Every structure is written in structure tokens, then in C-alpha cells.
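A.B. asks: Here the protein sequences come in this chain order: A and B. Residue 129 in numbering that gives the first Met the number 0 sits at position 130 of the first sequence, with consecutive numbering throughout. Residue 138 in numbering that gives the first Met the number 0 sits at position 139 of the second sequence, with consecutive numbering throughout.
For the record, the hints were derived by calculation from the structure and aren't laboratory data. There may be inaccurate statements among the hints.
[What the hints assert, rightly or not] These stretches of chain A come out as covered by chain B in the derived footprint (C-beta under 8 Å, 3 or more residues):
1) 39–48
2) 76–84
3) 115–123
4) 146–153
5) 156–162
[As the list claims (entries may be wrong)] Partial list, computed: chain B residues near chain A (C-beta under 7 Å):
6) A34
7) Y36
8) I54
9) R65
10) C66
11) K67
12) H70
13) D72
14) F77
15) S115
16) K117
17) V124
18) T128
[Claimed, not checked] Below 25 Å or equal to it, Euclidean Cα-Cα: the simulated BS3-like pairs (lysine-lysine) are:
19) K114/A with K133/A
20) K114/A with K140/A
21) K133/A with K148/A
22) K76/B with K133/A
23) K114/A with K178/A
24) K35/A with K117/B
25) K76/B with K140/A
26) K148/A with K131/A
27) K90/A with K133/A
28) K178/A with K131/A
29) K114/A with K176/A
30) K178/A with K140/A
31) K88/B with K117/B
32) K76/B with K90/A
33) K117/B with K29/A
34) K148/A with K9/B
35) K133/A with K176/A
36) K88/B with K76/B
37) K88/B with K140/A
38) K133/A with K178/A
39) K88/B with K47/B
40) K47/B with K9/B
Remember, predicted model here, so these are calculated numbers, not experimental data. Heads up, the beta-carbon is just placed ideally off N, CA and C, and yes, glycines get one too.
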Amino acid sequence: MNALLKFLAVTWTVLLWSTAPVPAVAGPEKWSPLEKDGLHDPQGPAIHELQQPGEALSQMPPDSVGNQVRWVEALRKGTINPRTNILPETKIQVLDQDLIYGNTGDNWFVLFPHKAHTEWLDCANCHERIFKTKFGATGFKMMDILAGKACGQCHGAVSFPLTECRRCHSIDPGTFKGKLGAQQAAGGKP
Amino acid sequence: MGKSHIHKPKRNFILWLMALLMLASGVEIVPQAQAEYGDVVINNQSDKAGMRPPIFPHWFHRIRFRCKVCHADLGFKFQAGGNQINMLKIIDGEFCGACHNGEIAWSVENCDVCHSGKPGTPTQVHGSTVQKLIGKPAPAAGQK
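So that you can see chain A by itself, here it is in the shape it has in the complex (with noise of 0.2 Å):
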């Protein structure tokens, strides 16, 4: 029944993911003009003030899902330098730091990487609010995150989408000889 459940909910996720148009080439088509977006105005009086979404990622590391781009391997390679903070009183902390999860069901264990998050955000973003810091308090699934709340308040709304299960499922338990939990990260991968 269970299994049943699954496969329903991942058939019919990929269904509907499966058809949004894939982009066929690459370059600044891959993304809608603004004036052709459906959300804004063609007729508003700035609308050409605005610059368009290809102009600026078609110069960004490529990738096939939410806006086409690598934004982690974009900000690794120097392709673009944001801002840290506005306050000058903020603290910039990284951890390098991954978190294995095993309690994943049929699925492969999940690798969260400390790094890559720290880098674009603050502690307190997901601490405590959204997970407890320490590991395995927080108790939630695959459900809530298709729901939008923990990992999904930002996969699945503006970082990488839910449809990309391997990205965070990505320990095969068959030939897996690590530990679970929090641990200093593997050298080399993000």
C-alpha cells in the first residue's frame, strides 16, 4: 500500500514537472522576455527598464532546472560576487560541515552540505526556526517538503527544485561504509 503511495505521488510529480517546456537550446531563448512572462505587464511604463532574465544568466554556469543556472557553482567560480551583508555588524560564518541522512525509506541517503548553504545564508535562517540544530531533533519528511516547509521554503520556491531527487538523495545505502549524522565534509565534494 505504501509502496503503492509512493510510486503514485512520484509518477504523478514527474507528470506534471514533465511537462513544463524543456528548453532546446541554450543561450538567452532559454528564458522568457519579461514582456512575454504572463506575470508582468507588457504594457507597464518601465518595462523596458528592466533587464531581461537571459541577459544576465545566459552568462552563468548552465543547468536544466529552476532558472537554468548553477547558482553555488556560480558563486565558487567567481562568475558572480554578491553581497554578504548589508549590517556591518554581521557575522559571516561557512561550516564545513555535511549532515547524512539515513531514515530516508526506499530512498537513498540524503547529504546535506553545511557549505553550500552557509555560503548564501545565515545561521539563523534555518536555526532554530526551521530545524533544530541538533541533528535528527527535527523529525519531518518527504511530504512536508512537497508542502513548502522545511528544505521546501527554499527548494522548490527559488533554489533548486524538488524534481532533482538525486542532488539530495545522493548516498546509495547498498555500497555506503560511512557514518550517519554530522561530519567534517568529504574533501572535494559540495
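Position chain B against the provided structure of chain A, taking the given hints into account.
C.D. replies: For chain B alone, coordinates are given in the frame of chain A:
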């Protein structure tokens, strides 16, 4: 591994919920708008005030600012329409006004640059999973 953590009454609930989701999203199977993933429309007050709703392009700001600048330093919650923003606060230097003050970025007299959405567009994060699974948000207040 593989052992269910979902209890039986909960399973039935989830089954019904999924059926509902399928129904709700089935009618929206071909997405209409092709706006950028993460674009935020805020229409708490604009329609009522006779202005186009503002569109916040996440992609544009991400190139220039890390998430924490707005979501930690400036206190923006991770919720479209959940921040009780108004023009008075912006002019006072809160929220958008921390940068849109003529120093870091252009200032508030450029109304139409932000207020650039189609009238009646509801508050939303465009392209979000919640939006895709549940369907489009209801029309903005005053646009029935």
C-alpha cells in the same frame, strides 16, 4: 530501511489528499506563465490601491546579494506576502528601502520599475512546488 512510518488512518488521509491534489492540479497541467522561477509577486495592497502589483525578481537579486542580506540582515520572512511591507516602511528604510534609497539602488520614485505586474496577479512565488501541486493561487482581493 523500507519499513513504513505512516500509520493506517494517516495513509487514508494521504491517499485522499493526493487524489485532491491530482484533481486540483490536473486542470493546470499545461503551465501558462513562463516567468522566472522564484519571481515573487506581492499583491497584498496594490490592486486595492489601483497600482500594478510589484514583482520581485529573485534571480536578479541573487546575482548581487546572498540570501542572508535580505533574509537575515533585513528580516524578510521566507513567505511571499508574509512581511507586512508598505510604502511608508520602504521610504523609512525598511525592507526594500534598505537598498532602494538612491544610494545602493534606485529609489522609490521609480514606481513602475517594481510595480510592473499584470493587474490582478495574485501573491505568489512563481514556479514553486506548492503552486504547481495545488494550482494557481486565488485571484487577488478585489479582482473577483
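A.B. asks: Under the constraints set out in the numbered hints, which ones does this structure not fulfil?
C.D. replies: 37 and 40
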